[in-house]
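Quick note, the sequences are listed as chains A and B, same order.
To convert, note that position 371 of the first sequence is 371 in the working numbering; the numbers rise steadily by one, no gaps.
To convert, note that position 213 of the second sequence is 213 in the working numbering; the numbers rise steadily by one, no gaps.
Where hints are given, some of them may not hold.
Any copy, or any two copies together, can satisfy a pair, since identical chains are not distinguished.
To be verified - Straight-line distance between alpha carbons at most 20 Å, and here's what the computed SDA-like set of lysine to any residue pairs gives: (1) LYS390 with SER64; (2) LYS39 with GLY152; (3) LYS390 with LEU114; (4) LYS332 with THR308.
If you are wondering where the hints come from, they were derived from the structure by calculation, not from laboratory data.
2 protein chains.
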Amino acid sequence: MENRTYTADAEPGERVTVAGWVHELRDLGGIAFLILRDKTGKIQVKFAKDEMDDDLVEAGTSVSRESVVTVVGTVEEEPRAPTGVEVVPESVEVVAPADPELPLDPSGKVDAELPTRLDNRTLDLRRDEAKAIFEIRAEILRAVREYFREVGATEINTPKIVATGTEGGTELFPITYFGEEAFMNQSPQLFKQLMVGSGLERVFEIGPIFRAEEHNTPRHLNEATSIDFESAFIDHREAMDVCEGAVRAAYEAVDENCREQLELLGLADEFEAPEGAFPRLSYGEAIERVNATGELDEQLVWGDDLSTEAEKALGRDVGGHYFVTDWPSEIKPFYIKDHDDDEALSTGFDLMHPRMELVSGGQREHRYDELVAGFEQQGLDPDAFEYYTKMFRYGMPPHAGFGLGAERLLMTVLGLENIREAVLFPRDRQRLSP
Amino acid sequence: MENRTYTADAEPGERVTVAGWVHELRDLGGIAFLILRDKTGKIQVKFAKDEMDDDLVEAGTSVSRESVVTVVGTVEEEPRAPTGVEVVPESVEVVAPADPELPLDPSGKVDAELPTRLDNRTLDLRRDEAKAIFEIRAEILRAVREYFREVGATEINTPKIVATGTEGGTELFPITYFGEEAFMNQSPQLFKQLMVGSGLERVFEIGPIFRAEEHNTPRHLNEATSIDFESAFIDHREAMDVCEGAVRAAYEAVDENCREQLELLGLADEFEAPEGAFPRLSYGEAIERVNATGELDEQLVWGDDLSTEAEKALGRDVGGHYFVTDWPSEIKPFYIKDHDDDEALSTGFDLMHPRMELVSGGQREHRYDELVAGFEQQGLDPDAFEYYTKMFRYGMPPHAGFGLGAERLLMTVLGLENIREAVLFPRDRQRLSP
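The following block holds chain A by itself, in its conformation from the complex:
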């Protein structure tokens, strides 16, 4: 609609065509109001019943809520109107009528349960709060990409249909690929590593990952968006620097560019970008601190993974983002390199938000013989991964990187209760549609 005026741009004195949804109808007897909503906001349309053509009044007052209408009229100042202006209509056209029975109420006056919202995302995202979440999501992805480009990384796209998974056949969705068995990729790990050995050296990818995990929790998805970074000639410490920079870039972009959305989410006052460097706790320090909180029924001992309860206790104790480094090698995947001076210690790291793990990363094993031995120790057939291991014979530089879950990042940035609020159409064990 080339002659359309967004409601936010409607200036007093102008003759405008506004288009959007019927947000609300109020009939006060001699006068009636239609509140029209578009992506920029809302505007009041006034029907003075005695002064206007009956057909026009009928059109503007009998339309059902959430119908799509086009209104031509003149914008006038009206201090009592919610936005200080109102439209005095000449014509109202119902472009797409809505059933009077709505599965959820986009005005937000009636609360809806999450499953109902997810079944009706179109209506759900007519609510200011839900829309704000996804505007912020888009801004975070923009900011993170910009940050990666600033540190010299090239955006890549790696295949989602693969012959083998990153860590073997478990937790993979099988697909039939022209009669062959294939899988949906659970991580771009192997492919981004192949690219750091190329002339690109430093790469990033933001794309879907697929995990056939049976988990059904508020922080697991079976299809998620992974923010991946990998670079040649850096170690795990430098990878942590980039990781911290990416998370910080996300917060700062939201702080600077999404004030309106934060307002709608009721976060305008409390929102702040994290200050200061993220503490880096070794695994050993981490379990000591967890034990010192006294919050766990059973003390952690060396070699234990950090349980959800342990992570929560530590998160409360630290009070902000923190890294856990220098894990026992046996807890971390075989493609993560051990420290040169202590093979029992891995260079793997996790970035933790007090609520949950956000990132997993580390320096990678770049030595061919050690890599192949790792596959064997893991019980995987190195031959199945030959497309990957082979390239390590032709000059694979030392490299490090990480994977950051986009939905978990958004969830922690905004304090969302359930990860399903951070993705438009979540996929979990029960949900394959819409």
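Using the hints provided, position chain B relative to the given structure of chain A.
Frame of chain A; chain B shown alone:
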């Protein structure tokens, strides 16, 4: 490596640590050169055999090509060196040795066939030309996203695991999803439409699509990257405006920001962004022009689709990008709206490059009854798509959009012969790995 200097930044007089691959070794008797390559370029390292420690000379001259090395030394001016400077080394460390037998030659002196290149993408992307293609690809994606944001679109991510395909069960890869039948999505079409009915109104997505087509040609892939745009309250003409803007933004970004890469590809002189508006030919005009070329054995008649030969003849005749509009309704998918004043004519459009189709788009059917009837006429069960059609009962605005193939765009921008050159790890009937 915090103290690493990129070869492009090495200034005479500096003591530097450079790291990269052994691009070339030249032994001239008393003097030998190692050409070290990193992501920014190359630098000559000089070994004066009589003046230097034997071990140092041995380390620098016995290393195999494509090994990864770190060299510490002093940068000196040397007019005879390819870049006007050279490094006089103090130490050479072989960080990752390469097998002497390489499956392809990254120096580009020995040509490799495409399958060999694709099997060894790590080595292939050490070649300047291959690397340049993917740097340009990243820049195109950046520019297109920026353009979409400029026209007010919000980035979205829609699911790749779906219960039903966009146009039914053909050409879909089946997956097993926790015991249920599901598919990998062939297009975000239905999901982006659901989002234009939300408060976002205008959205874009750049993500993978999956098509189980049996085609095995230089311009088909079974996994590709789709650049999708969809907006409420616009018609097919306005969608064509945005489509043209996106393609133009891609060319202009390459023109402005990728001169070095164009140079490496031998395109620096001939490359130019398209000038002037893309002509918009109706289908009727298009078949007349094709017939007038006299290049087809058989004249086209109304209702014929444009064959590859017809597209090529028309492309030569027009000489640049062009749209084909107003197709016979029966050739276009049912979810594309027909003209209100002529139901036999579709609002669907294609954007053509002289070499191939790039885009398919149109105004969509937003009326519930007509949409459901369309499913039935197509032989599809509307109930299977209820998650989608249901939302059309609650105020779905008129809307239009398009899908643009990222690989085809890159292929036509750079004149690549085979679409597999435009994707890092292509998937086709024969290729599932790497």
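Going through the hints against the structure:
Proximity of LYS390 and SER64 under a CA criterion of 20 Å is satisfied inter-copy only: 17 Å between copies versus 64 Å inside one chain copy. Taking the closest pair of Cα atoms, LYS39 and GLY152 come within 20 Å of each other only across two copies (10 Å); inside a single copy the shortest separation is 35 Å, beyond that limit. Proximity of LYS390 to LEU114 under the C-alpha cut-off of 20 Å is restricted to the inter-copy arrangement: shortest distance 18 Å between copies versus 47 Å within a copy. For the identical chains of this complex, LYS332 and THR308 are intra-copy neighbours only, at 17 Å inside a copy versus 53 Å across copies, given an alpha-carbon limit of 20 Å.
Of the numbered hints stated above, none is contradicted by the structure.
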